[in-house]
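S.K.: Keeping the supplied structure of chain A fixed, place chain B upon it in accordance with the hints.
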Amino acid sequence: MSSEKEFLQGVADSEYEYGFVTEIDADTAPRGLSEDTVRLIASKRNEPDWMVEWRLKAFRHWASLAEQKAYPRWAHLKYPDIDFQNISYYSAPNRKPKYNSLDEVDPEVLNTFERLGISLTEQKRLMGVAVDVVMDSVSVATTFKEELAKHGIIFCSFGEAIENHPELVQKYIGSVVPYTDNFYASLNSAVFSDGSFCYIPPGVRCPMELSTYFRINEAGTGQFERTLIIADKGSYVSYLEGCTAPMRDENQLHAAVVEIVAHEDAEVKYSTIQNWYPGNVRGEGGIYNFVTKRGICDGDRSKISWTQLETGSAITWKYPSVILKGNDSVGEFYSVAFTKARQQADTGTKMIHLGRNTSSTIISKGISAGESNNSYRGLVRISSKAENARNFSQCDSLLLGDRCGAHTFPYIEVNNSSGQVEHEATTSKVGEDQIFYCNQRGIGEAEAIKLIVNGFCKEILAELPMEFAVEAQKLLAIELEGSVG
Amino acid sequence: MSNAEMLEIKNLTAGIEDNEILKGINLSIGAGEVHAIMGPNGSGKSTLASVLAGREDFEVTGGEVSFKGHDLLEMEVEERAREGLFLAFQYPVELPGVSMANFLKEAVNSVRSHRGQDALSAVEFIKLMKERAALVDLNPDLKKRAVNEGFSGGEKKRNEIFQLAMLEPSLAILDETDSGLDIDALRIVADGVNRLRSENRSFLVITHYQRLLNYIVPDFVHVLLNGRIVKSGGKDLALKLEEHGYDWIKEELDIAEPA
Chain A
1 MSSEKEFLQG
11 VADSEYEYGF
21 VTEIDADTAP
31 RGLSEDTVRL
41 IASKRNEPDW
51 MVEWRLKAFR
61 HWASLAEQKA
71 YPRWAHLKYP
81 DIDFQNISYY
91 SAPNRKPKYN
101 SLDEVDPEVL
111 NTFERLGISL
121 TEQKRLMGVA
131 VDVVMDSVSV
141 ATTFKEELAK
151 HGIIFCSFGE
161 AIENHPELVQ
171 KYIGSVVPYT
181 DNFYASLNSA
191 VFSDGSFCYI
201 PPGVRCPMEL
211 STYFRINEAG
221 TGQFERTLII
231 ADKGSYVSYL
241 EGCTAPMRDE
251 NQLHAAVVEI
261 VAHEDAEVKY
271 STIQNWYPGN
281 VRGEGGIYNF
291 VTKRGICDGD
301 RSKISWTQLE
311 TGSAITWKYP
321 SVILKGNDSV
331 GEFYSVAFTK
341 ARQQADTGTK
351 MIHLGRNTSS
361 TIISKGISAG
371 ESNNSYRGLV
381 RISSKAENAR
391 NFSQCDSLLL
401 GDRCGAHTFP
411 YIEVNNSSGQ
421 VEHEATTSKV
431 GEDQIFYCNQ
441 RGIGEAEAIK
451 LIVNGFCKEI
461 LAELPMEFAV
471 EAQKLLAIEL
481 EGSVG
Chain B
1 MSNAEMLEIK
11 NLTAGIEDNE
21 ILKGINLSIG
31 AGEVHAIMGP
41 NGSGKSTLAS
51 VLAGREDFEV
61 TGGEVSFKGH
71 DLLEMEVEER
81 AREGLFLAFQ
91 YPVELPGVSM
101 ANFLKEAVNS
111 VRSHRGQDAL
121 SAVEFIKLMK
131 ERAALVDLNP
141 DLKKRAVNEG
151 FSGGEKKRNE
161 IFQLAMLEPS
171 LAILDETDSG
181 LDIDALRIVA
191 DGVNRLRSEN
201 RSFLVITHYQ
211 RLLNYIVPDF
221 VHVLLNGRIV
231 KSGGKDLALK
241 LEEHGYDWIK
251 EELDIAEPA
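Chains A and B supply the protein sequences, listed in that same order. Take the working numbering: the final residue in the first sequence is number 485, and no numbers are missing along the way. Take the working numbering: the final residue in the second sequence is number 259, and no numbers are missing along the way.
Mixed in with the good hints, there may be bad ones.
Unchecked claim - Pairs of lysine-lysine residues, derived as DSSO-like cross-links and limited to a Cα-Cα distance of at most 27 Å, are as follows:
| id | chain 1 | residue 1 | chain 2 | residue 2 |
| --- | --- | --- | --- | --- |
| 1 | B | K144 | A | K474 |
| 2 | B | K143 | A | K474 |
| 3 | B | K143 | B | K156 |
| 4 | B | K127 | B | K143 |
| 5 | A | K474 | B | K105 |
| 6 | A | K429 | B | K105 |
| 7 | B | K105 | B | K127 |
| 8 | B | K144 | A | K429 |
If you're looking for bench data, these hints aren't it; they were derived computationally from the structure.
Only chain A is shown next, with the shape it has when bound in the complex:
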């Protein structure tokens, strides 16, 4: 169908909607990375010696990897080697204020969020979401802090956590993702600028969704967030991470680390919408998104659930994982990855079963358009001591057009004969029959494809918290918008 082709072409080519640069004064470190850079970052942030030492250990490890060019190369991704000496590793808004009200925030910053349709005022009023905004690398606004404090919940920037809760940071940082874990995790450990810290005390059910909007803002600046979430015994928290970034010509490196610790009977739900600049239709520019996300179900009956909607970035390399150490613990991974134009995504999860009666669920939906490549890569490992472990995996791919690719790389290692592992995979194209059926009911091409794609993703979107699910649908619709309609 010619109009369907046009529509798909439109999908494949549509340019990033959220591309703009906020002009605020920034304090940016010169390009390049050495021990001195690491010390500079730490001193800019007034960090204690233990933190500096940890960074330096990470840096030395990273430097030895970098010298051997020991980059992870196993992913189904193609990109040139990154010149790590041509990146600036620190950028902070010049004035580093502590705001009591939004009136004190730089209007430019607020304006940025207005244009993204996620104005803080609206968020505060309508949703009761505590928003810790990371603008570039330093937090500039935190709300609802007092309400959270009443419950003994700590939700602050990583920098504040180092200052005010050093015992917690020292105990948990690197406990799930050690600085030796992989090339990008080492890099992050050396140079992480800021991020979020969250601690839920025993028995506390966090009364609101905790939400952080990340935003990459300085031209040519890498962004190295670090997030640490600790759910103490019997606690519960739902954490939202959502992001958009302004348009860029240069590739921007993003190497974040997220660590989650769930103690006995605790539950953490972590939801992400990732919508960074994917580059233009020719594959120029765009974010390189190399993220290490991992949680540990440390205590018995604990649960960690990852839900993600990935639509952005030129390259996505991301495997939110769960180590199921506690007996009867539960790990979940729900993912929608949408790629178009020349985007490449290699994403999936690792479920490492160590404890008895542990169970994990993986549901991954990949949608590819244009000339993009979309891969699911997942590992399910059942260790010898994991009696009666269970896993269910389902990986579905949907192709829009005939120049894109969908790939599935499932790895399964079972070392205990009582384990049960199920894997299902499908690949389908949006059928002409389906489009015709919709058309015959009066539904146009564009709306038909939106309906079909939304239907395909339904069970994942249903996992997102309500207000996020609405945003996710809106985002998918925008992503699918093309020259038709």
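M.R.: Positioned in the frame of chain A, the structure of chain B alone reads:
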């Protein structure tokens, strides 16, 4: 014909690649009339339905079709639908994960918007769904189910008639809606259709068997043979076909079996 014209087909030819399937169809349907088209396998019945709905697998090589005064062949598939042409599919398509409610809301509001009507509110819409689902004895819970996914054969056919009821078309084409239905399901579907008959709504009922026409009694019956309408008559013609098959017509017309 005294009634206002709904559909006027003149010398329509169509096929796939070099294979001509419709070899000059002439047919007039007036408003409120029910026409049945019967014919053996391969005579071109379903092709006619597909061409009228605008399926691009078929190439129209000649002729004219006017629908409520519009040049049908110039219209996109969805324009035809919005203007009031409905096709009940012989093989309804599954849309995994797309709920009936979302699907029909999109469809109904597209049609309403074309007619210059406001979109239905959620409450009005749910009420309408409930009311129309009852016409074909469908459980109103179906609003949460995905379109045709996991529907039994009979449910799929009833679902087509339910959608017909929701979209309130001017002309409904039923493409072998009776195929694969047991007698009870057939009666339910036929009852639904009969309740939807009105002086402003025409039907083109395509079927293999006379059986359906006992329930949906047509005003006219046409015999399609080898890409042409070779005989037209009243409902009695269908009975005669049931009794004697198609051979007597072939003999009458002196056409050889298609190779």
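S.K.: Now tell me, hint by hint, if it's right for this structure.
M.R.: Taking the hints in turn, this is what the structure says about them:
no., hint, in the structure
1, B:K144 - A:K474, "holds, 21 Å"
2, B:K143 - A:K474, "holds, 22 Å"
3, B:K143 - B:K156, "holds, 14 Å"
4, B:K127 - B:K143, "holds, 11 Å"
5, A:K474 - B:K105, "holds, 17 Å"
6, A:K429 - B:K105, "holds, 24 Å"
7, B:K105 - B:K127, "holds, 12 Å"
8, B:K144 - A:K429, "holds, 24 Å"
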